[in-house]
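Enquirer: Read off the chains here:
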Amino acid sequence: MTALHDLGVADLSRALAAKATSSEELTNHLLGRIAAQQALGAFLEVDTDGALAAARAADARRAAGGSSPLLGVPIAHKDIFVTRDLPTTAGSKILAGYRSPFDATVVARLGASGAISLGKLNCDEFAMGSANENSAFGPAHNPWDRSRVPGGSSGGSAAAVAARLLPAATGTDTGGSIRQPASFTGITGIKPTYGVCSRYGMIAFASSLDQAGPLARSAEDCALLLSAMSGFDARDATSAQRPPQDFHAQMLQAREGASAAKPLQGLRIGLPKEFFPAGLAADVGAAVRNALAELETLGATLVDVSLPRTELSIPVYYIIAPAEASSNLSRFDGVKFGHRAAKYTDLLDMYKKTRAEGFGAEVKRRIMIGTYVLSHGYYDAYYLQAQKLRRMIADDFQACFRQCDLIAGPVAPSVAWKLGEQGKDPIQAYLADIFTLPASLAGLPGMSVPAGFGGSGESAGMPVGLQLIGNYFDEGRLLHAAHALQQATDWHRRAPEGC
Amino acid sequence: MAAPLIRGYEVVIGLETHAQLSTASKIFSGASTAFGAAPNTQACAVDLALPGTLPVLNRAAVDRAIRLGLAVGAKIAPLSIFARKNYFYPDLPKGYQISQYEIPVVQGGSIGFLLGDERRTVNLTRAHLEEDAGKSLHEDYHGLTGIDLNRAGTPLLEIVTEPDMRSAAEAVEYAKALHALVVWLGICDGNMQEGSFRCDANVSVRKPGAPFGTRREIKNLNSFRFMQQAIEFEIHWQIDQIEDGLEIQQATVLFNPDTGETRAMRTKEDAHDYRYFPDPDLPPLVIAPEWIEQVRASLPELPAAMAQRFQTADGLPAYDAAMVTQSLATARYYEAARDACGQPKAVANWLMGELSKRLNAEGRSIADSALAPATLAALIRRIADGTISHNAARQVFDALWSGESVDVDALIEARGLKQMNDSGALEAIVDAVLAANPKSVEEFRAGKDKAFNALVGQVMKASKGKANPAQANELLRKRLG
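Chains A and B, in that order, give the protein sequences.
Letter by letter, the first sequence follows residues 1 to 499 in my numbering.
Letter by letter, the second sequence follows residues 500 to 980 in my numbering.
It is worth saying that the hints were derived from the structure and are not from the lab.
Ideal Cβ placement from N, Cα and C applies to all residues, glycine included.
Just so you know, not all the hints are guaranteed correct.
Unchecked claim - Footprint (simulated), chain B over chain A, 3 or more residues, beta carbon under 8 Å:
hint : region
1    : 98-112
2    : 160-171
3    : 223-236
4    : 317-328
5    : 376-389
Unchecked claim - Here are the simulated lysine-lysine pairs, BS3-like style, with alpha carbons at most 27 Å apart:
hint : chain 1 : residue 1 : chain 2 : residue 2
6    : A       : K336      : A       : K353
7    : A       : K353      : B       : K963
8    : B       : K706      : A       : K353
9    : B       : K634      : A       : K336
10   : B       : K949      : A       : K352
11   : A       : K388      : A       : K273
12   : B       : K584      : A       : K388
13   : A       : K343      : B       : K634
14   : B       : K960      : B       : K917
15   : A       : K364      : B       : K584
16   : B       : K634      : A       : K352
17   : B       : K947      : A       : K336
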C-alpha cells in the first residue's frame, strides 16, 4: 500500500472521505516526518499543537457530515504570508518575532476551506532570490541532492512538498519564485494571472508582480488549492473582480475535438525560439523536448513563435522589482514593529543601524538599485524606460497568442545548482531567471510541470521542469494541458531517494 | 487696476491649500477620521502600515474632489494616478505618502471673489487627492517623541493656485473664498484650529515687468490673520534682502505667530528627492462621465449663481450679493429674513452691518445667531412702515440680541420707541428749534449745508429720537425755504 505521505491532495481528499484515514492520523504522520527532516531546512516554524487541534476539528466536521476537497488536508504557508497564530518573518531578521494581528487572505481562505496549516516555510528574505540561500534563517536543501539548492524564493515550500513532508504548500511568484523551485524539485506549481489571488497579507516585494499560488505534486492538486486560495478581495485594489472559479472543473472539462487518446487535440502550443537558446543546458533542452513530444502525442500541435524581448525582460525586471521593493520595504524602519537597533544616537542613526542590522545583503542590494532607478534624473532613463518595455513585452505575448493557445519552454536554463555556487555573483543568478520573468512582467499565468530528469554528469537525476504559459485568466486551459500530460507520464510521481 | 507696488516691488503669491475632506473613514482604510480621540485609537492595520496591508481608495473622497472640481469649473480627469512620495519620518508609517503627482483628479478651474469692491479671479492649477501623515508629539513623553497615527490616512484635497495673487490681502480674500466654498459644498468642515483647512503660501517679489523672483514657501498657515501677517512680513524681508544686494534662496519657511516673523526651515540644497513613482497597489482612478453627472446632480446652488440671482431677482448691489453669499448659512439666513419682510436690501444691510458686527465680536457663526431671521424681519418691517427710526431700531436690536424678548412690537411699546407721527407736535418742535438756533439758520441761508444737518440733529434730540427724520427734514426745508 502507498504510504500516506505519498498521496497528493486529491488522493488524500478521497482517502479522508472514505474514512481510510483521519486528518489527525495524517497530520501526526506528517509532523513526524517534518521533525525527522529538520536538516532539510524547509520549515521555519512548525505548529504541532495548532495543527493537531485543527485536524481534530476537521475530523469532527467530517463526522458531522461536512465535506469539501481540502477538509483535513495538511498544508503549510510560505513565511511571506502573515499569520495570526504563528510568527511571520519573510525570511528576514528585521521581522524576527513579529506577530501579525490578522491572517493573509490566502491563509484565511485555505483555512476556511478546511486545510490544516502545519506551519511556516522557509524562503528567501522578502522573496528576493532564486535559491533560498538569502533566508536569514539558513538555506533549504533540495531533497533530490542535499548539496543542491531547492530554488527560490519559495524554496522551503518546494523542498517540503518534494520531500513528501506535505502534499501541497503555498508560495508566491514575483519573477519565477513558484515555477523555478517547482522545476528544481520535480513538483508542480502554478502562478496564476496577476489579480487572481489576493495580495492582502502577503508581505510585498514588488507589488505589480507578486502573485500567490500553490506548489503540489500534480496539476490536479494545484487546481484544488487554487480554487480555494483565489477570488476577489475588496482589501486588494488590484484583485480581479470576477466570480469564484472552480479550476478543478475547468481542468477536467473536455475540449472540443478531443478524444480519450488525444485529449489535447486542437491545442496549439507556441515555442518561442528565444526560450531555446544555444546556452540552454543540454539535459534541460532534451527533457523539455521530450515532454513536448508527449504533448504532441496527446494531440497538441507545436507552433514556432517569437518573444523578441525575452533577454530584455532581465533588465526590465531588475529595475521595476527593486524600485517597488525599495519603497515597499521603507516601512521596516524600527519605529512601529520588528527589529530596532539597541543603541543609536538620533533618529537617522536609528534608521541606519536598524536597517543595516535587519536586512541581508541581497535585500540591501535591491533597495539600493531601486532607490537609484527612482532618483531624480535617473527615473526617466531607468524606471520609465523599463515600464515602456514592460508593455511591449506584454504586447509580444499577445502577438504570440494570435498563433497559439499556450506557450511552452523550459522553466530555467539549468537544473538546480550546488549551494554556494552562485553566491559570489548576483548577476549570474539574475540571468537564470530569463524564462520566468517575461510571463511575470506581462502578468500572465505560468506553470512548472515535471518533465523528466537531467541526464548528464554531476546533475544526472536532477528534475527538469516544463514551463507552460497561458493567456490572461486561462488557468483552466493550462491546468487541462498539464493534467493531460500527467495522466500520460509519471515524472511527477517520482520521489527523491529516501523520501 | 494695476497691482499695488510695495516699495517699488510687485508681489507674487500662489497658495497651496490642504482641505481635509469630511469623509467618515480614511482615504485608504476603513478607520474613522473623527478628531480628538486618544492617540492611536483610530489607526487600523492599514494606517499602521503593518506588513501585508494594502490601500483601497475611499470613493467618498473622490466624490468630494469631483464636487470641488465642478464648483470651480475645472476639468475632472477621466483617469488620474496615485503615486508614492518616499521619505522617512516616524509619523509616516509606510515610509511614503500616497499622493497624486503627475496626473491629478482636478485640473484647472478658478475662484472669483471681491477684493474691496473689485472683482478678482484666481486660476487654479490643480487639486489632487492625498493622505495625511500622523503627528509627532514632543511633549509629555519624558524627552522621547510620541507618535499618534490617528490622523495618518485622513483624506486631503490639495488645491494649488497659479501665482495670480498680488498682495497679502488678495491671498487672504482668495483663501476665505475657497474656505467658504469647501464648507458650502460640504466637502470640508473648515475647522482651521483643528487643521482641517491649512495653507502654504509661495511668496516672491519682483520689479514690475521683471521675470518671477525666487520664491519662499511659508508652510502651514492655519488662520487668515496669520496668513496676512506672515505674507506681509515675508514680503518686507525679501525686499530688504534684495535692497541689501542679497539673493533670495529658495526655501521653506515657518511663521512664528509669537514673533510675527518667518524663518527658514530648510533650503533647496537639503530638499528631499522624493522618488515619486506610480503606486502599484492602486489602479488608476477612472472617473466615468456618469459618476461626474451623479455628483453634479447633488450639488447645491453655488455661491456665484446665488449672488447673481440675488442681484437680478432681489435687486441687491453686487457687493451686497457677494457678502450675503459668503457662506451657505448666511445665504439661508438672508433668504429666510427676506421672505418674511420683503425688504432684501434692508436685510442685506443688517446682515453686513449690525448682525455681523455682533457675531464677529462674540466669535459666533450665523448659525448660532441670537436673532432668528423672522425676528430680524419683524424689526425691519417696523422700520419700513415708519413705526420706528433707525436709531430706535438699533436699541430694539440690542434688546433682542441680549435675549430680553423676541417680540419686536412689545419691545417698541415697552421702551416707548414709536416714532412721532403727529405732525402738529413735530411742527412745534421744529419752530422751537429754529427759534433757539438763529445762528444755524443764518449760516444755512448763507449756503452752508452743514448747518441744516445740525438743525435736523437738534430736532431729533428735542424729540428724544422719536421724530421721523424724513418728516423732520421736510418740515425744516419748508420753514426755511
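Enquirer: All the hints need checking, so say for each whether the structure fits it.
Expert: Hint by hint, here is what the structure shows:
Against chain B, the region 98-112 of chain A contributes 5 residues with a C-beta closer than 8 Å to a partner C-beta. That satisfies the three-residue criterion, and the hint holds. Using a Cβ-Cβ cut-off of 8 Å, 0 residues of the region 160-171 of chain A lie near chain B, which falls short of the minimum of three, so the contact claim is violated. Remark: the region 223-236 of chain A is confirmed as covered by chain B, as 3 of its residues place a Cβ nearer than 8 Å to a Cβ of that chain, reaching the required three. With 4 residues bearing a CB less than 8 Å from a CB of chain B, the region 317-328 of chain A meets the requirement of three and the coverage assertion stands.
Counting residues of the region 376-389 of chain A whose CB lies closer than 8 Å to any CB of chain B gives 3, so the stated coverage by that chain holds, three being the minimum. Between K336/A and K353/A the alpha-carbon distance is near 15 Å, which keeps this suggested pair within the 27 Å criterion. About 85 Å separates the Cα atoms of K353/A and K963/B, which puts this hinted pair outside 27 Å; it is violated. At most 27 Å may separate the alpha-carbon atoms for a hinted pair to count; K706/B and K353/A exceed this at roughly 51 Å.
About 14 Å separates the Cα atoms of K634/B and K336/A, which keeps this hinted pair within 27 Å; it holds. Distance hint between K949/B and K352/A is unfulfilled; the C-alpha atoms sit about 81 Å from each other, more than 27 Å. For a cut-off of 27 Å, the pair hint linking K388/A to K273/A stands: about 23 Å separates their Cα positions. With a C-alpha separation of about 21 Å, the suggested pairing of K584/B with K388/A holds against the 27 Å cut-off.
Our distance criterion of 27 Å between C-alpha atoms is met by K343/A and K634/B, whose separation comes to about 24 Å. Pair hint K960/B plus K917/B holds up; C-alpha atoms about 15 Å apart against a cutoff of 27 Å. For the given pair, K364/A sits about 20 Å from K584/B by alpha-carbon distance, which is consistent with the 27 Å threshold. Simply put, K634/B and K352/A have alpha-carbon atoms about 22 Å apart, close enough for the 27 Å limit, and the pair holds.
Proposed proximity of K947/B and K336/A is contradicted: the alpha carbons are some 82 Å apart, above 27 Å.
When held up to the earlier numbered hints, the structure conflicts with 2, 7, 8, 10 and 17 and fits the remainder.
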